[in-house]
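Colleague: Sequence:
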Amino acid sequence: MYSEKNIILRASAATNVGFVRSINEDNFYLNGIYFSPSTTEKTVLFDINEADSFFLFAVSDGMGGEAFGDKASLTAMLELKKAHNFIKNNNNGNIEGCVNRINSYIKNTNNLIYNLGVEYGARTGATFAALLIYGGQAKALNLGDSRIYHVRDNEIIRLTKDHTEAERLIRLGILSLKKHRTAQVNTCFTSFSAYLRKKELLKRTFRKAFLLKRGMYFFFALTALQIWLKMSS
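When you read off a place in the sequence shown, starting at 1, and then add 387, the result is the number in my numbering.
What the hints contain is simulated information worked out from the structure, not anything from laboratory work. Watch out, some of these pointers could steer you wrong.
[Claimed, not checked] Using 20 Å as the maximum straight-line C-alpha spacing, the simulated EDC-like pairs for lysine to aspartate or glutamate come out as follows:
{"no.": "1", "residue 1": "Lys526", "residue 2": "Glu542"}
{"no.": "2", "residue 1": "Lys475", "residue 2": "Glu506"}
{"no.": "3", "residue 1": "Lys429", "residue 2": "Glu466"}
{"no.": "4", "residue 1": "Lys429", "residue 2": "Asp439"}
{"no.": "5", "residue 1": "Lys468", "residue 2": "Glu437"}
{"no.": "6", "residue 1": "Lys468", "residue 2": "Asp457"}
{"no.": "7", "residue 1": "Lys600", "residue 2": "Asp540"}
[Unchecked claim] Have a look at the derived ranges for each label pair, beta carbon to beta carbon:
{"no.": "8", "residue 1": "Asn403", "residue 2": "Asn490", "range": "29 to 35 Å"}
{"no.": "9", "residue 1": "Ile435", "residue 2": "Ile410", "range": "21 to 27 Å"}
{"no.": "10", "residue 1": "Gly602", "residue 2": "Arg510", "range": "41 to 47 Å"}
Everything numeric in this text was worked out from a predicted model, so none of it was measured. A virtual CB, placed ideally from N, CA and C, is assigned to each residue, including glycine.
I would like the entire structure built from these sequences, with the hints used as guidance.
Modeller: Shown next as structure tokens:
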């Protein structure tokens, strides 16, 4: 069930394998489209221009230094596709219904990635950030240090909070933003995780729902992946 308020939106996603790894461990969700790591292309571009009342966008970063990060981030996107389809067919017409389903998705996906690590006998994990757009409202959420920004009136506003040791130290005033760039304290507190299943790992930050306006921009930022969104109406 859809809200009656349609939005015209253009979105683009671009990702590159980079110079360090042979496999792209990042992934994205572009309102139904996700990246297949089996592609031989080093750079992948996607673009959509659609009118609808419900959109879902996300990024997932296979965590640096962990094994099988590409499989973890792909699992996150495959499961998000299922959640997306469920919301389209079953939502009761408000954004909170979408949030409830995403909460269930996060718990289920964490368990799947945990089992993935058990299967391969290796630690693996993935960060996650998503933007829900429903009926003229939007909500941002994240796990780990994948980020979403909002651009309006020449101002860039970060909608998400990193779940890292560095971010915690900055909030406490112990670490400055300048020193943060070189500090070796970026361990993620929360993520989809294949080596722990504690409740703390399922904590996520939902930003309060806010109204959308014509001309709004949003972008997701990973090292080798970006998604840009523009609201046309």
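Colleague: With reference to the structure, classify each hint as holding or not holding.
Modeller: Hints versus structure:
1. Our distance criterion of 20 Å between C-alpha atoms is met by lysine 526 and glutamate 542, whose separation comes to about 19 Å.
2. For the hint linking lysine 475 to glutamate 506, the alpha-carbon distance of about 32 Å lies beyond 20 Å, and the restraint is violated.
3. Restraint check: the Cα-Cα separation between lysine 429 and glutamate 466 comes to about 24 Å, which exceeds 20 Å; the hinted pair is violated.
4. Only pairs whose Cα atoms come within 20 Å are accepted, and lysine 429 paired with aspartate 439 is rejected, the gap being roughly 31 Å.
5. At roughly 18 Å between alpha-carbon atoms, lysine 468 and glutamate 437 fall within 20 Å of each other, so this suggested pair holds.
6. Restraint check for lysine 468 and aspartate 457: satisfied, since their Cα atoms lie roughly 17 Å apart, inside the 20 Å limit.
7. Straight-line distance between C-alpha atoms of lysine 600 and aspartate 540 comes to about 12 Å, which keeps the hinted pair within the 20 Å bound.
8. For asparagine 403 and asparagine 490, the hinted distance range of 29 to 35 Å is satisfied, since their beta carbons lie about 32 Å from each other.
9. Range check, isoleucine 435 to isoleucine 410: about 25 Å between beta-carbon atoms, so the 21 to 27 Å window is met.
10. The beta-carbon spacing between glycine 602 and arginine 510, approximately 43 Å, falls within the hinted interval of 41 to 47 Å.
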